[in-house]
Amino acid sequence: MEGRISNAWRLTVNDKNFIKTALLSEIRIDGRKPFEYRKISIKFDRGDGSSEVQIGQTRVMGIVTAQLIQPYKDRPKEGTLSIFTEFSPMADPSFEPGRPGELAVELGRIIDRGLRESRAVDTESLCILAGKYVWAIRIDLHILDNGGNLVDAANIAALAALLTYLRPECSLGGEDGQEVIVHPPEIREPLPLTVHHLPIAITFGFFGNEGILLIDPTHNEEAVMGGRMTMTVNANGDICAIQKGGGEGVPQRVIMKCLQLATSKAASITKQIKDAVEAFNTERALRKIKRHPTSTGVDVRQKQNQ
Amino acid sequence: MENKKSSSPASFIDSTVVPGDVVLDLSSMTNQTIKLGGGLRQDCDAIPAMKAGTLRFSKPNKYWVESSQKRYVPCVEDTVLAIVVDSKADNFLIDIKGPALAFLPVLAFEGGTRRNIPKFEVGTLLYLRVVKANFGMNPELSCTDANGKAAEFGPLKDGYMFETSTGLSRKLLSSPTCPVLEALGKKLSFEIAVGLNGRVWVNAASPDTIVVVANAIMNSESLSTAQQIIMVEHLLKNIQ
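Just so you know, the protein sequences line up as chains W and S, in that order.
The numbering used here applies: residue 1 is where the first sequence begins, and numbers increase by one.
The numbering used here applies: residue 307 is where the second sequence begins, and numbers increase by one.
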């Protein structure tokens with residue numbers, strides 16, 4: 001107990017005042033402008049269906065797995081998508097192991113709504129045998145480091161993992177065609193999921209005095225800000241979800257301004273995700289090509305020097 | 307070969323040691339009075355290192371191990387930047403980034419009596435000195451120097467505080483002046499307070515000066531002298 005109290009992260013009165021004063025001159029403590037995002041890096045180090053996204057100091061890992069289950073009675077021809085979040089205590093001194101706190105549940109709900117309501121993932125293509133067998137896609141999001149703005153990072157991690165996940169191919173067999181044979185990846189090539197569009201979550205922070213607005217808050221800014229809002233939009237300009245959880249009220253024109261900003265940011269982030277996924281897919285395809293020992297292979301040393 | 311190394315202390319100075327290395331052997335030394343700083347322990351006649359880091363020596367007889375980490379281990383006579391967590395009848399409870407909360411007696415101020423106890427709200431930043439630091443006990447702090455004078459200790463107003471590693475704090479306090487501070491000081495005017503517990507406070511007239519100084523210091527830990535100067539010039543060009 002004593003250790004937990006002494007290890008808690010604290011914000012001084014000086015910092016709170018400084019963050020607010022600096023924002024009045026449009027300066028943020030890490031040198032960004034109010035509507036500038038931190039550097040986003042997307043990595044696929046752990047193979048298909050898993051991604052590690054870093055926005056500044058925030059790190060989230062997303063893992064996609066699938067299982068064959070019986071579909072819901074009212075949707076016999078659709079697969080299911082579910083999101084699980086794990087807020088590891090190593091990410092932040094305030095995260096406790098065990099039951100997810102309010103923040104964890106809210107984060108899971110925002111990402112779930114963004115993907116499910118907008119039908120980003122095609123669930124009908126996940127049906128193998130109507131009424132009997134469908135694929136249940138499970139996305140696990142592990143928060144590794146909390147540097148602020150977990151929602152956006154987790155959302156990108158979920159999308160990147162979904163785009164690189166390959167599910168096993170299966171066919172119907174057995175005497176009456178009612179049995180499902182799941183082919184291992186060595187026998188038949190696994191298939192990617194059908195993702196129609198990418199809903200990107202963009203988080204805004206509000207600071208009451210003077211109506212200051214900023215995008216992608218860091219950890220310190222989150223502790224000081226008066227209200228937050230997350231908008232999930234896609235590159236086409238469709239709104240997939242909006243979440244404003246408590247905090248101070250904002251006028252309507254501010255919300256419309258946020259919408260415009262979110263749409264422009266979503267386009268650039270979508271492009272970044274697509275480029276990263278494509279680079280990974282190319283690399284994965286190259287790995288599968290078996291080269292003749294006599295032909296010239298790729299010189300790894302040269303690549304590193306470049 | 308190994309035995310020869312452990313019995314000649316000169317070979318370990320300024321080189322990396324790991325816990326367990328016997329850096330000094332008292333029986334083979336002429337001047338038997340030596341001062342041991344952090345990271346060293348006395349085991350009869352041998353002095354093994356307890357922390358991983360670089361062994362340093364300063365004339366005439368002081369040895370210590372220098373290492374850098376995020377956690378702070380309280381040592382007596384260290385100056386630290388601390389945050390008020392709570393106030394009780396006899397002490398303020400203070401967070402110094404150590405393993406336990408520290409106590410600041412309400413009377414440990416210059417001219418402090420029961421009648422003029424200062425009121426610090428939770429979250430106040432203070433510059434204090436460590437008076438007692440024993441293993442397993444809460445450290446004790448003081449707002450005066452050893453003679454009882456205030457001497458710059460006390461609450462810090464305005465400005466911005468950020469956290470660094472303990473190694474970077476020591477580098478910032480070393481003399482001659484750290485290259486990053488010198489390069490920044492040539493172009494900007496700012497006030498700075500460095501706590502050995504890995505906290506730094508900066509204050510300046512305009513917010514963007516504070517932001518530039520804070521970011522320059524945070525980036526400078528792993529850079530060499532020349533790289534630090536280039537980094538500072540780069541940052542200064544962006545704001546001018």
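Just so you know, these hints were derived from the structure itself, not from any lab.
A couple of the hints might just be wrong.
No more than 25 angstroms apart at the CA atoms, straight line, and that leaves these computed lysine to any residue pairs for SDA-like [to be verified]: (1) W:K16 <-> S:N453; (2) S:K394 <-> W:K39; (3) W:K257 <-> W:S268; (4) S:K376 <-> W:A223; (5) W:K265 <-> W:F35; (6) S:K463 <-> W:A241; (7) S:K425 <-> S:G442; (8) W:K20 <-> S:V428; (9) W:K257 <-> S:V428; (10) S:K376 <-> W:L11; (11) W:K20 <-> S:I536; (12) S:K376 <-> W:I5; (13) W:K16 <-> S:I536; (14) S:K376 <-> S:N544; (15) W:K20 <-> W:A241; (16) W:K39 <-> S:P513; (17) W:K33 <-> S:L399; (18) W:K16 <-> S:L399; (19) W:K16 <-> S:F468; (20) W:K33 <-> S:S321; (21) W:K20 <-> S:N453; (22) W:K39 <-> S:N544; (23) W:K257 <-> W:A241; (24) W:K257 <-> W:L24; (25) S:K376 <-> W:V13; (26) W:K16 <-> S:K376; (27) S:K463 <-> W:N7; (28) S:K543 <-> W:V13.
Report task. Determine which of the earlier numbered hints do not hold for this structure and return their numbers in increasing order. Result -> Those not satisfied are hints 1, 2, 6, 7, 9, 11, 13, 14, 15, 17, 20, 21, 28.
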